[in-house]
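Construct all of the structure, not just a fragment, from the sequences and the given hints.
Number of protein chains: 2
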Amino acid sequence: MTKVHVSELVLRDGHQSLIATRMRTEDMLPIAGKLDDAGFWSLEAWGGATFDACVRYLKEDPWERLKKLRKAMPNSQIQMLLRGQNLLGYRHYSDDVVRAFVQKSADNGVDVFRIFDAMNDLRNLKVSIEAVKKVGKHAEGTISYTTSPVHDIPYFVALARELEAFGCDTIAIKDMASLLTPEITGELVKSLRAAIKLPIHLHAHATSGLASMSVLRAVDNGVAIVDGCISSFAEGASLPTTESIVAALKGTEYDTGLDIGKLQEIAAYFREVRKKYWQFESEFTGVDTRVLVNQVPGGMISNLSNQLKEQGALDRMDEVLAEIPRVREDLGFPPLVTPTSQIVGTQAVLNVMTGARYKSITNEVKNYFLGQYGKAPSAVNADIKNLAVGDAKVIECRPADLLDNEMEKLSSEVEGLAKSEEDVLTYAMFPDLAKTFLQERNAGSLKAEPLLTKETAATS
Amino acid sequence: MTKVHVSELVLRDGHQSLIATRMRTEDMLPIAGKLDDAGFWSLEAWGGATFDACVRYLKEDPWERLKKLRKAMPNSQIQMLLRGQNLLGYRHYSDDVVRAFVQKSADNGVDVFRIFDAMNDLRNLKVSIEAVKKVGKHAEGTISYTTSPVHDIPYFVALARELEAFGCDTIAIKDMASLLTPEITGELVKSLRAAIKLPIHLHAHATSGLASMSVLRAVDNGVAIVDGCISSFAEGASLPTTESIVAALKGTEYDTGLDIGKLQEIAAYFREVRKKYWQFESEFTGVDTRVLVNQVPGGMISNLSNQLKEQGALDRMDEVLAEIPRVREDLGFPPLVTPTSQIVGTQAVLNVMTGARYKSITNEVKNYFLGQYGKAPSAVNADIKNLAVGDAKVIECRPADLLDNEMEKLSSEVEGLAKSEEDVLTYAMFPDLAKTFLQERNAGSLKAEPLLTKETAATS
Ligand SMILES: [Co+2]
Ligand SMILES: [Co+2]
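Sequence lines, in order, name chains C and R. All residue numbers for the first sequence refer to this note's numbering, where the first residue is 1 and numbers rise by one. All residue numbers for the second sequence refer to this note's numbering, where the first residue is 1001 and numbers rise by one.
Because the hints were derived from the structure by calculation, they are not lab data. Ideal Cβ placement from N, Cα and C applies to all residues, glycine included. Hints should not be assumed to be uniformly reliable.
Unchecked claim - Stretch-level coverage of chain C by chain R, calculated; a stretch enters the list once three of its residues show a Cβ under 8 Å from a Cβ in chain R:
| id | segment |
| --- | --- |
| 1 | 181-187 |
| 2 | 207-213 |
| 3 | 225-237 |
| 4 | 243-256 |
| 5 | 288-301 |
Set out below in C-alpha cells:
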C-alpha cells in the first residue's frame, strides 16, 4: 500500500477560481468540523488572493479568519499559498517583513507554507523558506510549471534539487495555467522522484480538462500528495474533484483512505453556499483548452476580453492572443502567473492597440527588464530591452537585497491605527486599502460589499 | 503507433444529457461541415431520446433530420443508439418492425448501429444485429455496464463473446450511470481484449468525475475507440471532453490525429448554441459522485426528487435512495437504464410512501416478473414475485417471439396519414404523439415548443 494523500482547497483556490475569492468566513465555519475530521493531508485555507479579497471586498480581518479556522480545525494542517518575497502583496518586501509575516502566519495557525515565485527565481524564495523552517513549520518549495523552449524536465529537476537543498519538506508542482498533460506529468514526477528524496505534491488546475488524468499519471509515478477541490467548487478554472480522485483510487494500492460518504456531505453543504455567490459566477464554467493552443491561460483570456471590451476593441482579440507568446518570448519566457501574466498581457494589448510593437512600453515591462522581478528564465530580447530601458543599470542581485529593513517604518506609518503587528503586516500588503480598513474597523463601521439576491438583480 | 479513434456525441448524447434533448436541426447543420471534416471515427447523431424529442417537442420529422445530416456530413460515419428489440420506443416490437426500422435507418443515413438492451438479455439484440449486418452496415454490440454481485468481469466477457458470435463489428462498453472506475475499466478492457478479437469502444458518462481517467486506463489497455463530447456540451451528466482526450493523447503512441484548433472552433460554435436552450439547463452541472455510494444514477436522483417534491415528500428522499438497491436486488439486479431505472425507481417510491414494501405493486414490476422485459441478470426474489404475479405463467422465451408481425397492421392504422414507411415507423414508436404529428405535418401546422428568452422569462 502506497497511500496517496489529498489536500483540499475549497477554502482557498476553489472559491478564488470560481467566485472571485468571495467566500466569507461565516460560510466556512459551519463545515469546518467536517473538513477537520475528513482526513486530508492539509486544508489550504489562507493566502493567495484571499487576504486581498478579505480586506478589499469582504471587510474581514484576514488574520481573524485564520484564527477562527485554526480553532475550528484543530486536527488539520492548515496550508497557505505565499508568493515568496512578494508575500501576499504585489511588490518585493524587505527580509524583515518576510520574516515577520511568516512568524505571524505560523503563530495564528498556518502549518504548511506553499511558497512560489512567478519567475522561478529561487533567490525570491530563499528567505521565506528559511523563515518557515526557523519557526518549525512545513516548507513546501514550489515549481511554477510552464512550457517554453527552456522549460524542459531537466530545468524543473534542477529547480527541485535547489529547493531540496534549501531545506524544503515537500516539493509542489504548480500548474496554474492547466498546461500539464498526463504524459508530461508522469515523466516529470518520475524524474523528480529519481532526483530528489522529498515527497511530491501536485497542484494542477482543471481548466483544460486534463487534470484528473494528470493526477492518475502522477499517482502511477509515485506522487505523494494531490490537490483536489470538493465537487461543488471543483473543475473548470478550479481543481479536479476530490471525491472523484478518492473514488478513482479506492481499493487500489494508492487508496487515499478518505470516506466518500463524508466528502459528499461536505459537497452538499458547499453546493448551497455557492448559490449565495451567483453574481460572481462566470458565464461558462466548463472545460477550456485554448491554453493548449495559444499558451494563454483561461483566466488571462477573460481579463483581456474585459479590457478589450472596455476599449470597444473586442475584435482585436485574435491579434492579442497571437501577440502574447511573442511578448513572452521577448521577456525570456516567464511563466504566466501573477504578476507576470498581467505584465505580459497589458503589453500585448498595447502592442496591438497602438499599431506598432513597443511604441508604448509599460513601467512594469521596464522594471521587468531592469531585473526588479528577478531573473528571467532565459535571455530577453536585447533590442526590446534597449528600447525599454536603454543602458540603465540592471539589477543582477536578488531584488530584495536592495531593500532596507522596513518593519519599523511601516509601523510608524500606521501608528495609532494598527493595534498589532498583524495590522502592520496588513498595511504592508495593501497600504491604501488597509488604512481605510483599519480606520473603519477601529470605528466599528466595517461593512462587506452587498450580495445581490436574484430578486434585487432582476429589478435593478 | 496505436492510434486511438474518437466518436463525437454532441449531436445526440451531449444535448440529451445536458439540455433535455432539445437541440434543433437548425443548430446542427451550420457546423456539420466542420464536424464532417474533423476526422472522428463516428458522429453519433440519431436515436436514443432524439427521435422522441423531435416528435414530441421540436415538431421535427426525425427522418428528415437524419437525411439532412447525412447530406451535410457525407464523409463521416453517422452513428445511432438503438434499444434492441425496443428500437426507439418503450415496448418490444415484432421482428418485422425491427427489420424495417433498421432498413430505413440505413437507407436514410445511419452507418453504425450501437445496439443495447437494458437487461443485457442478448435475445433482445439478436434480430436487430442480424438486420444491421443484412443491410451491410456496422453493428456495435453493447454491454450495459453496472455493478452487482453477478456483474463481474467474467459476466461481461461472456456477453462480449456472444456478441462477437452474433457477428458484431465492434463491442461497446456503455457506462450510462458513470459507475466505471479507472481501475475496473483497465481490467475490463484488458479482459475483453484477451477474450475477443473485436475492437472495443468505450462510452463512459462523466457524472462521477471518473470518466476521463477511465478513458486513460482504457487506452493503456488497448481500447480502440472512445466517446467524447465537444467541451461546450461535455462533462457533468454528459461525456468527457473531446478536446481534452485529444490533448491528453497528443504526441503519445495513441495520438488520435485530431486537430485541437479545429475542435475549438466547433466548441465555440456550440457554446453559443447552448445559450439558446438555457431554460433546459440543470441547476448544478458539476460532478456528482452519489451513484458510487448509493448505486443510484444522478439522472434518476433528479427524477425521483421531482416526483417526491410533487407529493410534498422530499424529506423521504434518503429512504427512497436506500430502498432502490433493495428493489433492484428483488428484481435480480437489472442495470439501471431506460426502462429499468423507471421500473425500479417508481416501485421504490411506492414502497416508501405506502409505508409497507410491495403493499402496492406497479404493472411494470408485474410485467417484469412475468418476463416481459427479458431475463433478469440473476434470480429474482421468489416471495416478492409470488406477491406480484402469483403463479401466473412466466415467459421463458424471447419476449418478441410472442409477437406477430405488425407492420401491415400498423400501416393500416395510419393509412392516409402516413406518406411513407418512415411515417409508419414513427407511428410505431409513439402512436399517439405520431398521429398528431403526422396530421399537423400534413396540414402544414407543425410548431415547435417556444423557447424562452431571458426577457420573457423574467416578466412572466
Ligand atoms: Co491554483
Ligand atoms: Co450515454
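Taking the hints in turn, this is what the structure says about them:
1. With 3 residues having a beta carbon nearer than 8 Å to a beta carbon of chain R, the segment 181-187 of chain C meets the requirement of three or more and the stated coverage holds.
2. Counting residues of the segment 207-213 of chain C whose CB lies closer than 8 Å to any CB of chain R gives 5, which reaches the minimum of 3, so the coverage claim holds.
3. Residues of the segment 225-237 of chain C with a Cβ under 8 Å from some Cβ of chain R number 4, which satisfies the need for three, so the listed coverage holds.
4. Only residues whose beta carbon comes within less than 8 Å of a beta carbon in chain R count, and the segment 243-256 of chain C has 7; three or more means the coverage holds.
5. Restraint check on the segment 288-301 of chain C versus chain R: 5 residues with Cβ-Cβ distances below 8 Å, three needed, restraint holds.
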